[in-house]
Amino acid sequence: MSGASVDRGRILVDLDAEERRLLGGLLQTATDALIDTADPARARLLPDGYRGDADAAAEFARYTRDDTRRDKLSRIGGMRATLDAATAARIPLDHEDADAWARVLTDVRVVVAERAGIRTDDDVPADPVLAQLYGWLGHLQWSLVEALDRVERKGRRGRRL
Amino acid sequence: MSSDRGTGRGVLEEELTDLRAAPDVPWLTIVWNDPVNLMNYVARVFREYFGYPQHEADRLMLLVHHEGKAVVASGPREEMEHHVHSMHGYGLWATVARFDA
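Each protein sequence line maps, in turn, to chains A and B. Residue numbers for the first sequence follow this note's numbering, so the first one is 1 and each next one is one higher. Residue numbers for the second sequence follow this note's numbering, so the first one is 1 and each next one is one higher.
Just chain B, with the same shape it has in the complex (with noise of 0.2 Å):
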């Protein structure tokens, strides 16, 4: 994502073996980095969409930015391809995919 003005904090070491994502919900939604969302566009949208605290969605949108993808949500099928689906309305990269793919 555009990092021009950028928060500057370090790189976070979060492996993506690290979800919440309980091994018996087998959907995640995932949000990819892409060059034109804003770091703080993108926090945002955490905050506001999934309701995260904001250190949280601030670790999310870093983990994406340095990553280049982060787990947002677990859980079944339909409701990830709803968050997906909204995620698309704000502008974001993202993606339903499985648990275990």
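The shape of chain A in the complex, shown without the other chains (with noise of 0.2 Å):
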């Protein structure tokens, strides 16, 4: 199965090419729903700051919204590079890149989410196809997280020596 893995140090996520041309329409699909002020998604990828609070979130959002948009876009822009660029099922990630994947897959996951209609962490996609893709997409980031924190022990046990 597709996802991250751990060697000599070195993160490595393996997608193979239809895995890569699915994930690029996903990224495209998260960008326009930061950008299309009408989308149902967009609203959880910039929620609200206060809660009960109508004039302190409008102004937090007025402050916040912009940046928050303008690095997401960023981070998805920074993945869509590297995808485009891969020539082989098995692509090697720094650091930085690592930890930008694993936040934009969040992302990507919310809109899928929204889409399915999942509201409550008991909610599972009634679509199959949507369900297929949910499950990848959580198995993908799960296991990225995993190989983010198993090189970032190594790399504190090995400070301590």
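Hints were generated in silico from the structure; no laboratory data involved. Virtual Cβ for every residue (Gly too), placed ideally from N, Cα, C. A few of these clues could be false.
Stated by the list, open to error - With the C-beta cut set under 8 Å, the calculated list includes, among others, these residues of chain A facing chain B:
1) Asp-48
2) Tyr-50
3) Arg-51
4) Thr-64
5) Thr-68
6) Asp-71
7) Ile-118
8) Arg-119
9) Asp-121
10) Asp-123
11) Gly-138
12) Gln-141
13) Val-145
14) Asp-149
15) Val-151
These two chains come separately, so use the hints to put the complex back together.
What follows is the structure, encoded as structure tokens:
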């Protein structure tokens, strides 16, 4: 199964050409959701910073939302470039890229979850294609976070020696 | 949060009143549960961003998961807004709140 692994301290992500193409399409969907003010996933990608205080929430959004969106788009662009440049199924990621990918995968999964009608912890996508896609993205992100944790634990041990 | 591959550890009993917040720092950063974020990712964000040791990051992550929310920081309002801004960058649902709210 595709996913991330660690080999001699390096993080590797295995994605065949079909999976890279699929992921590229999802990055475009997430980009659209960040830009389109009418997209229902946008409120989840750029949430309110206050609950129960509309004025404070509006002011917080005024000062932070453009910046949050710009950072998310920038990370998506970086992941897109790495995917586009990949010529083999095994993609090595440096630590910074792996960290950015983990963050982008949250945003992508947020958009897929919104499309699939997932609102609570117990919801699963009714559509079998979306269910498979959502499960695959979850596995990819989980394995990537595990890989990052493993590399960092090793790094901390190394520094103590 | 999504517990598809959760650690399966038991429910922690901490109450929201059991906070590190001191009464003289009335602003809080609250992280809310959401159905998307993975447990290992949320714990990682708490370690990476706030610098919590692993056991504390895991404790807060499980509090979010089981109780629906957790206070992850307290202090001046501007600082809490900065934290919430950062949490949104990580894709976590976070809000600023007054301690007595």
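Right, here's what the structure says about each hint:
Given hint, Asp-48/A at the interface with chain B, holds; its Cβ is 7 Å from that chain's nearest Cβ, closer than 8 Å. Interface hint status for Tyr-50/A: upheld, as the beta-carbon distance to the closest one in chain B is roughly 6 Å, under 8 Å. Satisfaction of the interface hint for Arg-51/A is found here, the shortest Cβ-Cβ separation to chain B being roughly 5 Å, below the 8 Å cut-off. Here the hint on Thr-64/A is kept, as its CB sits about 4 Å from the closest CB of chain B, short of 8 Å.
At about 5 Å, the closest approach between the beta carbon of Thr-68/A and any beta carbon in chain B falls short of 8 Å, and the interface hint on this residue holds. Contact between Asp-71/A and chain B, as hinted, is supported at the beta carbon level, the nearest pair being about 5 Å apart and thus within 8 Å. Hint status for Ile-118/A relative to chain B: holds, with the closest Cβ pair at about 5 Å, below 8 Å. Interface restraint check: Arg-119/A against chain B, minimum CB-CB distance 6 Å, threshold 8 Å, status holds.
Of the supplied interface hints, the one on Asp-121/A holds, with its beta-carbon coming within about 5 Å of a beta-carbon of chain B, less than 8 Å. Nearest Cβ of chain B to the Cβ of Asp-123/A: about 6 Å, under the 8 Å cut. The hint holds. A cut of 8 Å between beta carbons decides the hint on Gly-138/A: the least distance to chain B is about 6 Å, and the hint holds. About 6 Å separates the beta-carbon of Gln-141/A from the nearest beta-carbon of chain B, less than 8 Å, and the hint is met.
With 8 Å as the threshold, the beta carbon of Val-145/A comes within range of chain B, its nearest partner Cβ sitting at about 5 Å, so the hint holds. The criterion of a C-beta within 8 Å of any C-beta in chain B is met by Asp-149/A, whose closest approach is roughly 6 Å, and the hint holds. Hint status for Val-151/A relative to chain B: violated, with the closest Cβ pair at about 12 Å, above 8 Å.
Checked against the numbered hints given earlier, the structure breaks only hint 15 and satisfies all the rest.
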